[in-house]
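Take the given structure of chain A and dock chain B to it, following the hints.
Number of protein chains: 2
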Amino acid sequence: MKIAIIGHGVVGSGVAETLLQKREELKVKTGVDLEVKYVLDLLEFPGLAIPVIHDFSIIEQDPEVSLVVETMGGLSPAFEFASRSLRANKDYVTSNKELVAQKGAQLLKIAKEMGRNFLFEASVGGAIPVIRPIHQCLEANSFSEVSGILNGTTNFILERMIDDGAQFDDALALAQKLGYAEKDPSADIDGLDTCRKICILASLAYGKHVYPKDIHIEGIRDINLIDVQYAASWDSRVIKLIGKSKINPEGKLAMIVCPMIVRRGSLLSSVNGVNNAVLVRGDLVGDIVLYGRGAGKYPTASAVIADVIDCAVHRGSRREIYWEDSEEPAVTNYLDELTQMYFRISIREKEDIDTVRAEFGNIRVLTRKNAAWSEFAFVTEEQMPEREIIRKIARCGVLVDTMIRVESEI
Amino acid sequence: MKIAIIGHGVVGSGVAETLLQKREELKVKTGVDLEVKYVLDLLEFPGLAIPVIHDFSIIEQDPEVSLVVETMGGLSPAFEFASRSLRANKDYVTSNKELVAQKGAQLLKIAKEMGRNFLFEASVGGAIPVIRPIHQCLEANSFSEVSGILNGTTNFILERMIDDGAQFDDALALAQKLGYAEKDPSADIDGLDTCRKICILASLAYGKHVYPKDIHIEGIRDINLIDVQYAASWDSRVIKLIGKSKINPEGKLAMIVCPMIVRRGSLLSSVNGVNNAVLVRGDLVGDIVLYGRGAGKYPTASAVIADVIDCAVHRGSRREIYWEDSEEPAVTNYLDELTQMYFRISIREKEDIDTVRAEFGNIRVLTRKNAAWSEFAFVTEEQMPEREIIRKIARCGVLVDTMIRVESEI
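Which chain is which? The protein sequence lines are A and B, in order.
The first sequence lines up with residues 446 to 855 when you count with our numbering.
The second sequence lines up with residues 446 to 855 when you count with our numbering.
The following block holds chain A by itself, in its conformation from the complex:
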């Protein structure tokens, strides 16, 4: 089977290299011969054993190319390339999470019309098999939760704060130095990357397209070492950036992306370094956790190639991945969801604490060494709608330094 690869960056070159090096091995294993006919990129790559082209229409018009791999990211021109490839009767495999999160429903519809595959295992969780397990291995389940640590950069930064007592800025600088964070790290640390990925997982698990714009997102920029210490003082809990989607008690889809305090012993608490983990809760299976490297050249290439092989081996029978588009936001307002909240506040007088207790009833007071007398940290004990929590703390008339949700379900 002849393939074209769009984009020769980190992931694209990993795919090209691996398909070249493992061509014989994969032929023996799978029975299909995978030949990369073109690499499309803006740049030249002298010495590359594959012809480099710059004009997409060469791919589009070449009937020999039956599959297009795209690894360049971004919506434009990726969306155009995807729809044109599918309409030209080619399967399309992508690692582009923005494309899938924004245009997944549209592209799946075109794929369905054309009887072609639109596959995107590499768009979530890098190396970790996630899409295929949810779609194919757990298909008999109804899902009530799909959540996870979906961004390695932020997980690395938080880990440095937790384990080494590093300040956020220093941990970020280290991540940049090690190549885990980009020069402009905002898509990672402000949570947008996690949001795109949890939108893809939620769309797949619940069958309706969830758009990133409808999700409440909070990043980790405001996480302070003091809060990390308070979390640790509460049975060694840790702060993790979580993308969360669950069916709430009224049967509606609730989603959020934010840092959360996770109990030690939960599997998500032990996700270390730049790794990712996805927790899937199904009615038949209970909890399944899938864990591994969330990014990187070869890990991501592995996921791309899994899709390529799937298309090649089952060229006759389309993968039935599908979800509906939705005009209405598919999710609830996060302020209506029940939660438990950690607060760090500045008090002016001791009576402020009495006011807090009067508003919230039972609270868990957290302590740390060398705290100023005006610093007061606590966790609300009762689950209540976030809207109510906000109203109560506002009524206390205290200065809120930080508030972080407490994750009790995963």
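It cannot be assumed that every hint is accurate.
Heads up, the list lumps identical chains together, so a pair's fine if it works in one copy or across two of them.
Stated by the list, open to error - Derived pair list, reagent style DSSO-like, types lysine-lysine, alpha-carbon separation capped at 30 Å:
1. Lys554 - Lys482
2. Lys474 - Lys557
3. Lys742 - Lys697
4. Lys697 - Lys467
5. Lys474 - Lys697
Hints are computed from structural coordinates only; laboratory data are not their basis.
Just chain B, lined up with the frame of chain A:
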């Protein structure tokens, strides 16, 4: 598609019930209508909405039945049913780990000849997607290790010893009371169940059938609470029953099933209760961990039904799961493999310790409260062939109470 289910025990009834209850839902999701035409069992099940039969030849001779699900376990008559089903041009889906571990290569060969599927996702790791992720999602990888906690019963027992300080017998009795352990628990606690599962995973990952008889197996019967305490004293390590398969430094397949001391922080150390976890190490992806419930009615049914759907949706195109049979044992002698060992020995005089030090060089001495003066626990620091470790400890002339391997790689 019409299906016959052989065996109406825990798993079989879970499959039948789920297929009945979710028939419409699955039809919408997958596009295929799954109808259970027969249940074959020795017993009658009055009131069951599916005809119960007792004669396999009815299934064999019914051309309407294109898929047989078998959940009864054991080799006979399962092997006969499997080969006759495949030869009668029916796909065969099984949760029977003994069948796959003993007869996998033979049945895969028949399936290949007949152009039919022989699938067994439910035979390892219950609910956890394992077979399909290794086979389909990580296909571009060469594997250097596949290991895991594959038996929930023993994991539960060890956890009670570690967390609650329970003695082995009490923990076993509790597991039996809760229905996690059978009345005759030997297949679980002596490691045979783990061995069958790791043989299936190794056969799949390395492409050659590995037979349980060729694997060195040690169970957890001899694990003493004292050893659990010593392990905990060494940076909170824990003892877990591990099925291990890896490519050794000479490129050969090394396998063992035995209790191992695992470092706290390793993902396998936090596998709790009756859960299972499988670690897969690939050249492209690094480490992937798949975690979830290793057994149970609905979790296992979920895995069986995933295979059923796969067969139904891709009736035209066979799954290319395959491994070769091998006459020769596919594995090395475990005594030749490098390891690190924990010993608890009884000494007669203080000079015995000097002898131990003289033999092993650097050792890590472990301590616990209230130990008798004659009790001495240590860990060999250097990796060396197990044969050499045995020779050295024999030369010490001390009484060995326990020896447990130390897992340093996962």
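Results for each hint:
1. Lys554 - Lys482: within (27 Å within a copy, 35 Å between copies)
2. Lys474 - Lys557: both (29 Å within a copy, 14 Å between copies)
3. Lys742 - Lys697: between (37 Å within a copy, 28 Å between copies)
4. Lys697 - Lys467: between (46 Å within a copy, 21 Å between copies)
5. Lys474 - Lys697: between (44 Å within a copy, 20 Å between copies)
The structure agrees with every numbered hint stated previously.
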